[in-house]
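Going down the list, the sequences are from chains A and B.
Our numbering numbers the first residue of the first sequence as 1 and each following residue consecutively.
Our numbering numbers the first residue of the second sequence as 274 and each following residue consecutively.
To be clear, the hints were calculated from the coordinates, so they are not data collected in a lab.
Remember, it's a predicted structure, so these values are computed and weren't measured experimentally.
Every residue gets a Cβ at the ideal spot worked out from N, C-alpha and C, and that includes glycine.
Honestly, I wouldn't trust all of these hints.
[Unchecked claim] Which bits of chain B does chain A cover? Going by a derived footprint, with three or more residues having C-beta under 8 Å, they are:
| hint | segment |
| --- | --- |
| 1 | 318 to 332 |
| 2 | 380 to 389 |
[Said to hold, decoys possible] Heads up, incomplete: computed chain A residues facing chain B, CB under 7 Å, no partners named:
| hint | residue |
| --- | --- |
| 3 | 12 |
| 4 | 13 |
| 5 | 16 |
| 6 | 20 |
| 7 | 102 |
| 8 | 103 |
| 9 | 106 |
| 10 | 107 |
| 11 | 108 |
| 12 | 109 |
| 13 | 265 |
| 14 | 268 |
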Amino acid sequence: MSTFALSLPRPGAAMALTRRDIQVYLSYRFMMTLDLWIGVLDVIVYYFISETFEGATTASLGNAPSYFAFALVGIAVTVVIEATSVGVGSKIREEQLTGTLEALVAQPIKTTEMAVGLCGLPFAISTLRVAIYILLGAIAFGLDLSNTDWAGFVVMLVLISTAMSAIGIATAAVVLAIQRGQTVAGLAIFAMTLISGAFFPVSVLPDWLEAIGNLMPTKFAFDGFRSALFEGSGWEDDALMLLAFSVTAVPLAIWLFDRAMLLARRWGRLAQY
Amino acid sequence: MAPAAGDQPILSVRGLTRSFGDQVIVRDLDLQVNAGERVALRGPNGSGKTTILRCITGALLPTAGEVRVGGHEAGSQAASRALGASLSQDRSFYLRLTGHENLLFFAQLRHGSRAGALAQVRALVEELEIEDIVVKRLDSCSTGMLQQVGFARALLGAPQLFVLDEPTRSLDQGAKGRLWAALERRPETAVVIATHLPDDVEHCGRHVDLRS
Chain A
1 MSTFALSLPR
11 PGAAMALTRR
21 DIQVYLSYRF
31 MMTLDLWIGV
41 LDVIVYYFIS
51 ETFEGATTAS
61 LGNAPSYFAF
71 ALVGIAVTVV
81 IEATSVGVGS
91 KIREEQLTGT
101 LEALVAQPIK
111 TTEMAVGLCG
121 LPFAISTLRV
131 AIYILLGAIA
141 FGLDLSNTDW
151 AGFVVMLVLI
161 STAMSAIGIA
171 TAAVVLAIQR
181 GQTVAGLAIF
191 AMTLISGAFF
201 PVSVLPDWLE
211 AIGNLMPTKF
221 AFDGFRSALF
231 EGSGWEDDAL
241 MLLAFSVTAV
251 PLAIWLFDRA
261 MLLARRWGRL
271 AQY
Chain B
274 MAPAAGDQPI
284 LSVRGLTRSF
294 GDQVIVRDLD
304 LQVNAGERVA
314 LRGPNGSGKT
324 TILRCITGAL
334 LPTAGEVRVG
344 GHEAGSQAAS
354 RALGASLSQD
364 RSFYLRLTGH
374 ENLLFFAQLR
384 HGSRAGALAQ
394 VRALVEELEI
404 EDIVVKRLDS
414 CSTGMLQQVG
424 FARALLGAPQ
434 LFVLDEPTRS
444 LDQGAKGRLW
454 AALERRPETA
464 VVIATHLPDD
474 VEHCGRHVDL
484 RS
């Protein structure tokens, strides 16, 4: 019976997986453009919602200067969260269905390398999309970035991706074991983002739901990102919380993924044409 | 046949049994393969040839018994490094990428370094004369072309054991010749193939008959 030992991935192997995913992603040019435009449309919709109700909100928007600024961060961070969590599970399912997972497992590759490599594309693409949406907000809709702490912005982006990739790797483990799970994970992530301050402040929620929302790792993602972007400070505590979550959850998720891989080999489910 | 270093067979299968639900596909198989030896697994459809190969690559765990490659448990990193496999080649590639991109990807998983991987892919492409195939996206290639790229992938990393599922099934005469010639140039490497074809069996020193 194989035992699990968490080890650092070889950068070359993890990079190869990421490069492969980027090459495949770029081959779907229409889908790539569509992904980008859906986000742009979201930004435009929330801009006009914000304009419609300008000054009408009684809820505290925390450190965001306007509802549009608040929602823009919600859109941008949700893109990162969804890509690094649900996206990884979907990728594993695709590999199972096309038969490439079996070919991959026959290579001398560590579970850690596979898990880290699978997160590379979602991280790269979502980072690019966040940059585009924030830039669009600033250029087209007057988003004020004069107070932005750019180092904090980058640190938060990396930590959000890392923390959420734990959920993605765990989702991939569930998908490997039971061939499904992306839909459930998608719903869970949607609920998490909704109650932790993606598109409205948690203070408008019923007390019991607000209490749950305040415990979600996504809450620290939204709060910290807004602090870095609009205040230029105050993101450090949120960053520490995300770091603590990552340090705990990522190794656990990789262990789960390793066990799921073992189960899939036992049950003959690496390939499910 | 020359035994592996330390008289250890490169492939050791002991009491291998593999079931799917109530159906026993492989029962209590013993097989030892030494360095340089070629073994053909023969048998009708459903006799468990591919299942045995999948157990050797580590894609399937045995229900009972053990499989070791180069002394390491099948499926472990060390065992996978010692092994080059070509199974179900028409389904195991990234079809939206070219043959070259696919080979480079798999080579890099073995090498780590991109430069080393690139050099090895170039050498293999030249040796197998598949320059015209690897420049194409694989979703535009025939089964025979995919099979040639699959064989090239099995040769990556100079493994000690090749595991090939019906390696010549869809190949033309020229490609078959190049495949066997490539194996001849690697006399120390053990080969286990699953096949229906008498021609393939003739290229092997030993065969194992499996029953359905």
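Here's how the hints hold up against the structure:
no.: 1; hint: 318 to 332; in the structure: holds (count 4)
no.: 2; hint: 380 to 389; in the structure: holds (count 7)
no.: 3; hint: 12; in the structure: holds, 4 Å
no.: 4; hint: 13; in the structure: holds, 5 Å
no.: 5; hint: 16; in the structure: holds, 4 Å
no.: 6; hint: 20; in the structure: holds, 5 Å
no.: 7; hint: 102; in the structure: holds, 5 Å
no.: 8; hint: 103; in the structure: holds, 4 Å
no.: 9; hint: 106; in the structure: holds, 4 Å
no.: 10; hint: 107; in the structure: holds, 4 Å
no.: 11; hint: 108; in the structure: holds, 4 Å
no.: 12; hint: 109; in the structure: holds, 5 Å
no.: 13; hint: 265; in the structure: holds, 5 Å
no.: 14; hint: 268; in the structure: holds, 5 Å
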